Amino acid sequence: MKKVVKTVWECVRTVTGDNAYDRYLQHHAQNHRGTPPLSRREFYAQYTDQKWSGINRCC
Amino acid sequence: MGGRILGVVLAVIAAFAVGGIALQRDEPINALWIVTAAVCIYLLGYRFYAAWIMAKVLSADPTRATPAERLNNGRDFVPTHRWVVFGHHFAAIAGPGPLVGPTLAAQFGYLPGTLWILVGSVLGGCVQDMVILFLSTRRNGRSLGQMARDELGPYGGFAALIGTLMIMIILIAVLGLVVVNAMKHSPWATSTIAMTIPIAVFIGFYLRRLRPGRVLEASILGVALLVMSVWLGGVIDHSPTLRAFFDHPGAPLALAVIAYGWFAAILPVWMLLAPRDYLSTFLKLGVVALLAIAIVIMHPTLKMPAITQFIDGTGPIFSGKLFPFVFITIACGAISGFHALVSSGTTPKLITNETDARLAGYGSMALESFVAIMAMIAATLLDPGVYFAINTGTGVVGAAAAEAVATISSWGFPVTVEQMQELAREMGESTLFARTGGAPSLAVGMASIFSSSFGSSLTSVWYHFAIMFEAVFILTTVDAGTRVGRFMVQDMLGQVWKPMANTSSYPATLIASTLIVAGWGYFLYIGVIDPNGGINILWPLFGIANQMLACIALSVATGIIVKKGKIRYALVTGAPLAWLAFVTTVAAFQKVFSSDPKLGFFAAANSLAEKLAAGTLPEAQAAVAPQLIFNQQLDGWLTVFFTLVLWFIIGDMLRVAYRRITGLPLPASSEAPYEPTRLNGITGETQHA
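One line per chain: the protein sequences are A and B, in this order. At position 55 of the first sequence the residue is numbered 46 (our numbering), and the sequence of numbers has no breaks. Positions in the second sequence are counted from 1; adding 7 to them yields our numbering.
Keep in mind that the hints were calculated from the coordinates and are not lab data. Everything hinted at is true.
So, partial list: chain A residues that the calculated Cβ filter (under 8 Å) puts toward chain B:
| # | residue |
| --- | --- |
| 1 | Y12 |
| 2 | Y15 |
| 3 | R48 |
The structure displayed is predicted, hence computed values, not measured ones. All residues carry an ideal CB built from backbone N, CA and C; glycine is no exception.
With the hints as extra help, turn the sequences into a complete structure.
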């Protein structure tokens, strides 16, 4: 039960983008060792600009 | 085996529910029949038809690595759990379209629209979304325009680009008109909608400066503020001095929306667009869930007849016969070409395994279609007389209340002035006559559902909550659409003069934003000054444009299926394409060539010109007549243009199919080469690959 709640919560965080930075850090730690990661603020700024550079909302 | 049993059970329930709807003709029907039939039909389509298309037509291969895996960069290309992709995709495709279309189409009765929503989505819209999503995933997330260029040819690609830009302009104008009509002389609605702007800006600063990227807490805070703004709007409405500031006719409100759209396009996204979108997504998911629960609790009886006399083309809300206009009026909710743009945008870059396209593509569209079904229920549970009184423009029934109720009652839908006054008082509005656009009548329907399920003392608050919800939703589309349109204009002008393509250049941004806002602003303004309500003209134009875009998407899909050598399956996308092309062309033909001024654009222009020349128009109408005449002619030419683009693309697709069948050389497939997945084939367990 606890595990289900945790999975659902993680799903909600991922859908909303709430944990986007945590996931970026994880990706960075695995693939780009040695270079400093972006700060939370820098990451969010880039993330927002990228999200709104194409068609992602409809009628 | 279990799946088969489930299928049989679903089929029996669906047959029973549809049979219930059919047998109870001429007596009132409960909304639960429709809900049950809809859910079972979606599940059957998903379980059998979508799975068959995936396996046989598209040959989805679970061992093939998707772009999310191959190009994983931790940002846009990220392998994501399929339910998360579903949520993302649904949030992206669900807009105000499926709320407005069914509300307008309810003038034909509840049956035609409901059947088209169900059949159109299961065999058309869901298929389109899933196939385009799949094809784009196979091509590293390429856009619809790029796929049209790669697979059909450069002309097809250009037609797709122009079509997209045009539909964007018409879409924003018609949605802007819906908001303006909801705010007209309603201080409560206007002040609440005005307050959503500073709330969005505050949330933007919160997410950028105070607590960067804490999306959930910021959204919850924002939604709480929005609910407070609904309450505060009520306070303003009750104060005679304050309400004067927010009590405006249509024209200045339209100018305000135009100015707002222009600022939203040039401001950085984090300030207004991104936070507004977080709030609108939260509201949207919350309201959809709440509405579904409330409909089940209330299980209202539909008061609208199954079919009204207006199928003969004399409908007061929009003109034209049942065929073809029900298929044009309900685009979103049955099949929406616009979805193909989203399905070939962000979503394909998140798909972990290509078989997930079934849930994200087919599943999301089925849910969107269900939203359209709920909108249809909300519109048809009202007394038909009330429904027509709210949705019919003053140009049709006259501006005086007594005159309007007499006309509407003479159609066989009795309504009284007292009844309308009582309803307006209950909803906290000064009047509900001629509130065209669909938003007010949907809000009245939603308020009755919510208040009878969750407490009847708050009807006026529920009404304005529903209006705020629709407005936040629509303004997000206005913001996002203007921005995308701006990029497209910059892209096109950049081909002529390089510096225009620079999206970070301030002058280039200003010029492109002004052009796009001027484009939709023009149609919005004309729609507001039109005494027939504007929706009458703009909504069919939007429907034709949206179906044209769906034809482009289905042509690309059919072309690719034929090129892959699967000609025997070409009807999967070819049949909906043929139907849409037929329906859209007939509708366009009538809009252009009909001699009935209520239906044909050019006939309307000529009739108005004659009246103007003869001097029979009232002074107020004569003043705006030249603009209306020009606009009708422009709309007529636009319809011609949309039809030409549509047949041009179909011709291009048939050319490709002919060359494939006769063995002539063709452009190579742009599919990315096969690479085996290293994700153990376990979809959804690999979020952090």
